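2 protein chains.
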Amino acid sequence: MDTDDQTTRGGHMTLVLHGYWRSSAAYRVRIGLNLKSLAYQQATLDLRAGAQRSADYRELAPIGLVPMLEADGFRITQSLAILEWLDERYPGTPLLPEQTDARSLVRAMAQIVACDIHPINNLRVLSALRSDLTASDATVQEWVARWIEEGFTALETMVSEHGSTFCFGERPTIADCCLIPQVYNARRFGVDLNPFPRLVAIEASCLRLNAFDMARPELQPDADGVSA
Amino acid sequence: MDTDDQTTRGGHMTLVLHGYWRSSAAYRVRIGLNLKSLAYQQATLDLRAGAQRSADYRELAPIGLVPMLEADGFRITQSLAILEWLDERYPGTPLLPEQTDARSLVRAMAQIVACDIHPINNLRVLSALRSDLTASDATVQEWVARWIEEGFTALETMVSEHGSTFCFGERPTIADCCLIPQVYNARRFGVDLNPFPRLVAIEASCLRLNAFDMARPELQPDADGVSA
Numbered sequence: 000m001d002t003d004d005q006t007t008r009g010g011h012m013t014l015v016l017h018g019y020w021r022s023s024a025a026y027r028v029r030i031g032l033n034l035k036s037l038a039y040q041q042a043t044l045d046l047r048a049g050a051q052r053s054a055d056y057r058e059l060a061p062i063g064l065v066p067m068l069e070a071d072g073f074r075i076t077q078s079l080a081i082l083e084w085l086d087e088r089y090p091g092t093p094l095l096p097e098q099t100d101a102r103s104l105v106r107a108m109a110q111i112v113a114c115d116i117h118p119i120n121n122l123r124v125l126s127a128l129r130s131d132l133t134a135s136d137a138t139v140q141e142w143v144a145r146w147i148e149e150g151f152t153a154l155e156t157m158v159s160e161h162g163s164t165f166c167f168g169e170r171p172t173i174a175d176c177c178l179i180p181q182v183y184n185a186r187r188f189g190v191d192l193n194p195f196p197r198l199v200a201i202e203a204s205c206l207r208l209n210a211f212d213m214a215r216p217e218l219q220p221d222a223d224g225v226s227a
Numbered sequence: 000m001d002t003d004d005q006t007t008r009g010g011h012m013t014l015v016l017h018g019y020w021r022s023s024a025a026y027r028v029r030i031g032l033n034l035k036s037l038a039y040q041q042a043t044l045d046l047r048a049g050a051q052r053s054a055d056y057r058e059l060a061p062i063g064l065v066p067m068l069e070a071d072g073f074r075i076t077q078s079l080a081i082l083e084w085l086d087e088r089y090p091g092t093p094l095l096p097e098q099t100d101a102r103s104l105v106r107a108m109a110q111i112v113a114c115d116i117h118p119i120n121n122l123r124v125l126s127a128l129r130s131d132l133t134a135s136d137a138t139v140q141e142w143v144a145r146w147i148e149e150g151f152t153a154l155e156t157m158v159s160e161h162g163s164t165f166c167f168g169e170r171p172t173i174a175d176c177c178l179i180p181q182v183y184n185a186r187r188f189g190v191d192l193n194p195f196p197r198l199v200a201i202e203a204s205c206l207r208l209n210a211f212d213m214a215r216p217e218l219q220p221d222a223d224g225v226s227a
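Each protein sequence line maps, in turn, to chains S and C.
Count the first sequence with numbering that gives the first Met the number 0 and you get residues 0 to 227, in order.
Count the second sequence with numbering that gives the first Met the number 0 and you get residues 0 to 227, in order.
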């Protein structure tokens with residue numbers, strides 16, 4: 000595994016994050032970049048206008064979704080793949096624990112968000128529910144809440160067993176990078192968070208750190224004019 | 000990172016895969032275990048009967064989904080987390096390339112299946128479409144095909160650039176572990192695979208290997224009495 004660190008290679012790399020202020024998958028990567036103290040530029044795609052589905056963007060990212068990270072022109076898609084790449088390329092301030100079993104627990108927590116909650120609730124799926132299944136706003140709201148509640152119930156149990164200040168122990172990991180944007184989404188959709196006191200406590204711990212605070216959607220350049 | 004290998008530790012571990020013959024996420028893990036030449040036992044949960052949602056199983060796997068791998072009693076959920084754990088614990092016959100950039104490409108391909116296709120099409124979501132949105136069989140069929148086609152279109156482009164015999168180069172990786180079960184699902188739902196000749200060619204290459212062949216759903220012990 001290549002372990003060039005930030006001082007030898009990263010210092011020379013230009014990092015450009017293609018995202019959108021409200022994309023929770025892009026939000027995960029912003030947190031990871033900030034935890035690594037990496038400087039990066041942002042390129043915005045207006046998801047509501049469908050910019051991510053343009054031929055130009057698909058040339059760069061065939062799946063037509065954000066985020067995509069360009070590192071000196073090398074393009075990486077999928078937020079979890081980007082976070083793992085960051086952790087291998089810049090091993091300082093690790094985003095995963097060192098021990099193999101512990102790594103699997105952190106990855107599993109991250110994947111509850113990234114596989115079991117978010118994909119079912121993202122913009123393209125909710126749009127399809129409205130257009131293909133003529134779902135009402137209330138039905139969409141229930142749909143979103145259902146998958147968040149199922150996933151958060153499992154996460155609450157897992158962090159009760161393995162977490163502390165953060166999802167896993169005393170240092171933020173990719174599990175926290177995934178959790179905080181999903182809690183943001185949950186609030187946005189009015190999901191009751193009272194059944195998840197440990198997740199809410201971890202959110203509070205995270206948001207006390209600059210890396211998480213500065214990654215918040217409302218603070219991104221493309222959120223101009225939108226109130227929090 | 001812990002790199003005990005199979006000969007020092009794995010030989011003593013008892014591996015039990017909790018799954019279901021037709022679960023494509025369990026199918027991914029069966030392939031990975033076979034590629035590593037690891038012996039394992041199977042514990043079946045009848046997903047159609049809701050066994051994965053039982054209190055007993057959730058005690059072991061809070062998310063209430065398969066697969067779950069028990070390794071000497073240590074429990075790992077989420078198929079991608081299990082595959083990464085296998086690769087770290089048993090580094091012989093790696094499931095990821097060595098170089099950091101290459102690893103990110105393989106992970107991104109795996110995640111197109113594991114994040115962008117499968118979660119939207121799995122049993123619990125299709126059941127919700129039928130029950131909560133009164134979707135007809137035809138609507139469910141279109142729904143499944145839509146997400147497979149979007150994801151496979153991106154994958155076809157990526158393997159054209161990075162693949163060869165397999166999704167990435169000349170050795171099977173976690174991308175192939177994810178692709179083959181998804182192609183199986185696509186066939187099951189009658190999705191036209193003609194637009195994806197490279198994916199179909201990779202499927203043929205994979206199925207020539209015992210590791211993939213022996214992982215096929217129809218060959219699992221809990222598929223008794225079901226014709227292929």
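Source of the hints: derived by calculation from the structure; they are not laboratory data.
Everything numeric in this text was worked out from a predicted model, so none of it was measured.
Treat the hints with caution; some may be incorrect.
Stated by the list, open to error - The following label-pair restraints were derived from C-beta to C-beta distances: (1) Gly72/C - Pro220/S: 44 to 52 Å; (2) Arg186/S - Ser130/C: 41 to 49 Å; (3) Gln98/S - Ala203/C: 17 to 25 Å.
As the list claims (entries may be wrong) - Here chain S is said to cover these stretches of chain C; the calculated rule only asks that three of the stretch's residues, wherever they fall, bring their Cβ under 8 Å from a Cβ of chain S: (4) 76-84; (5) 137-143; (6) 205-212.
Note that beta-carbon positions come from the ideal geometry of N, C-alpha and C, so glycine has one too.
Each hint, compared with the structure:
1. The hinted window of 44 to 52 Å between Gly72/C and Pro220/S holds, with their beta carbons roughly 49 Å apart.
2. Hint check: Arg186/S to Ser130/C, Cβ distance near 27 Å, so the stated range 41 to 49 Å is violated.
3. Under the hint 17 to 25 Å, the C-beta atoms of Gln98/S and Ala203/C, about 39 Å apart, miss the expected range.
4. Given as covered by chain S, the stretch 76-84 of chain C passes the check, having 7 residues with a CB less than 8 Å from a CB of that chain where 3 are the minimum.
5. A stretch counts as covered by a chain when three or more of its residues have a beta carbon under 8 Å from one of that chain; for the stretch 137-143 of chain C and chain S the count is 3, and the coverage holds.
6. Closer than 8 Å: that is the beta-carbon criterion, and the stretch 205-212 of chain C has 0 residues meeting it against chain S, so the requirement of 3 is violated.
Violated hints, in rising order: 2, 3, 6; the structure is consistent with all others.
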